[in-house]
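So the protein lines, in turn, are chains U and A. Taken in order, the first sequence gives residues 1 to 276; the numbers are from this note's numbering. Taken in order, the second sequence gives residues 277 to 597; the numbers are from this note's numbering.
Keep in mind the hints are simulated off the structure, nothing from the lab. Some clues are possibly wrong.
[What the hints assert, rightly or not] Straight line, CA to CA, 25 Å or less: simulated DSS-like cross-link-like pairs of lysine-lysine:
#, chain 1, residue 1, chain 2, residue 2
1, A, 279, A, 590
2, U, 119, A, 559
3, A, 458, A, 279
4, A, 505, A, 431
5, A, 421, A, 431
6, U, 268, A, 458
7, A, 505, A, 421
8, U, 268, A, 481
9, U, 169, U, 151
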Amino acid sequence: MNVYADALVNGILLGLVYGLAAMGLALIWGVMKVINLSHGAFITLGMFLSYVVFESLHFPPYISVFLAIVVGLIAGVITYFTALHRVLNAGELSTLLSTYSVSLIIVGILMFLFATTPKALNLGMNIFTAKIIAAAFSFVFSLVLYYFLYKTDTGMAIRAVSQHPDASKLMGIDTVKILAFSFGLGVALAMAAGNLISMIFPFSVLSGGLYELKSFVICVIGGLGNPLGAIVGGIVLGILENVFGLFVNQGIVPFVEFTILLLILLYKPQGLLGGH
Amino acid sequence: MKKHLGFIVSLLIILACGAYPIVTGSPMAREDMFVMLSYIGLALSLNVLMGFTGYVSFGHVVFFGIGGYTTFALIYHYGIGLVPALIAGGLVAALIAGLLGMAVLNLRGAYFAIATIGINEAFKTLISNIDYLGGAEGLFFNLRKAYSPYGGSQKALWYSFIILVIVTLTALIVSFLVKRSKFGLGLFSIREDEDAAKVLGINTKLYKTLAFMISAFFPGIIGGLFFFKNGSIDPNSAFHLLKSVEMIFMVMLGGIGTIFGPVVGALTYEEIRSYLLINPTFKDLHLAISGVILLLIVLFIPDGIVGFLRRKVKFFKEVFE
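Okay, chain U solo, but in the shape it has when bound (with noise of 0.2 Å):
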């Protein structure tokens, strides 16, 4: 029964920090029907910036994550007015491209500069302890997030773009000012995520693609483009990974993930909250 329980509360912290991940990719998609290719690459950036503070200034990640925070937005709105603006009204092959050939920069960089062994943090902290905070976390920057898109002016700006950009527009809304903030927020909560992985689990340049994928799935259980639905997709991921484990060859759970992901695709697209 422990062993159950103890699957049981693991998922849940790993879910809050998936889901973290996946939000960024959720708000972006909703907001500009944009497919970030580019998210994987941002999620590593955020493990390396963890790595290089933890290194030089024996800063440890819950407190490099508030950088992580302020790199995000500002190369987010970089990010945009250099490969997105231009293309975003030109459908989804150029900007799946577009977000790709970033993905393709930044991992290129990276790889230059730190080759693709494998760190790790010693944080001198027991794993358990490292779940707890980056869960935690997770948890509040979720919560300032809904607070941000359903209390304040900007936050309702942007709800308003990814509902109807021309109504927007002649709403007197900054559609560009609004579309290149909310890139800039989903990057940085991929680097957040990112920030606080590397406290969990070793990680190498080649690391963000996994959990790229995974937050394809998150965002897919939770509805495309709803960045809260993203933190239950995630705790169901977390559980699902976990719980799941036990039960099977931990080798075949990504297997599952990918058939759930398609099932989802194609039988209830809007995701699991979606209603309808």
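We have chain U already, so just place chain A on it with the hints.
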């Protein structure tokens, strides 16, 4: 004649790539041209789906992997001859494309793209767990035994190269015939407006699925050849997502939806790639530089080299199909 110039030049390029190593007898040239021709074949195949119907498969490498595993396992476990094993690989890839296609081709745009990534990852992890296929470590040929029916490893490599030339030529000819046929016209109407095409009586589901199967068949065979030549196969190299993106990149670079585009795109891509890899200054940064080049193409010449020439050079206006 002028209208088919793109096709004729493509044909000549493939023949030249094939003839060069054979005439010089150089194994080094053969290795280079093997990569070049397989890229041309992959780009041409993906173009049938992506260029003609507008569906972008982000996990197309899955068919390369499926064909690779089918061929490899047939030779490894049963000692079947290369040609029948390859044909089996292509057919299995096309069959799986048909089955999957009936389901996922109902999804559009980005949803389809995510689904194809999911399919690729699902196959990767599934195969990593099948002991019969070597699990995560993959399968390795006993090289002497595997290549002996062809008169040693050198002969076997030449043999697989010649098959690749034939396969790439076939992929080109099939693309050309599809594009000129009524079937091709149906595919283009799906790309322009799928709902309208359906209303006009086109069996869009059948058309899309067939296009998906064609575009899976050749990658299946090319995957088989690639891993036969390699002597080993493992899930990570068979289902490497980056390869899917390379295929899309080549099609975009050359010019989507044309016949000449994928050929010239593959040619240019491979030249850029080998230049970056050989040059010591760029070697470690080649991934980042490829990213910059891709971004510039997407931002400034989304219709690729062919589209650019068509717009800028009068002579090319009506040349490329």
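Outcome of the hint check:
Note on residue 279 (chain A) and residue 590 (chain A): the hinted pairing holds, with a Cα-Cα distance of about 14 Å set against a maximum of 25 Å. Proximity of residue 119 (chain U) to residue 559 (chain A) is assessed by CA-CA distance (about 23 Å); at most 25 Å being required, the pair is judged to hold. Taken as a hint, the residue 458 (chain A) and residue 279 (chain A) pair is honoured in the structure, with Cα atoms around 18 Å apart against an allowance of 25 Å. A distance of roughly 11 Å separates the Cα atoms of residue 505 (chain A) and residue 431 (chain A); the hinted pair therefore holds under the 25 Å criterion.
Using a Cα cut-off of 25 Å, the hinted pair residue 421 (chain A) and residue 431 (chain A) holds, with the two alpha carbons roughly 13 Å apart. Between residue 268 (chain U) and residue 458 (chain A) the CA atoms are separated by roughly 35 Å; this puts the pair beyond 25 Å, and the hint is violated. Restraint check for residue 505 (chain A) and residue 421 (chain A): satisfied, since their Cα atoms lie roughly 14 Å apart, inside the 25 Å limit. Between residue 268 (chain U) and residue 481 (chain A), the direct Cα distance comes to roughly 20 Å. Compliance with the 25 Å bound is thereby established for this hinted pair.
Restraint check: the Cα-Cα separation between residue 169 (chain U) and residue 151 (chain U) comes to about 20 Å, which is no more than 25 Å; the hinted pair holds.
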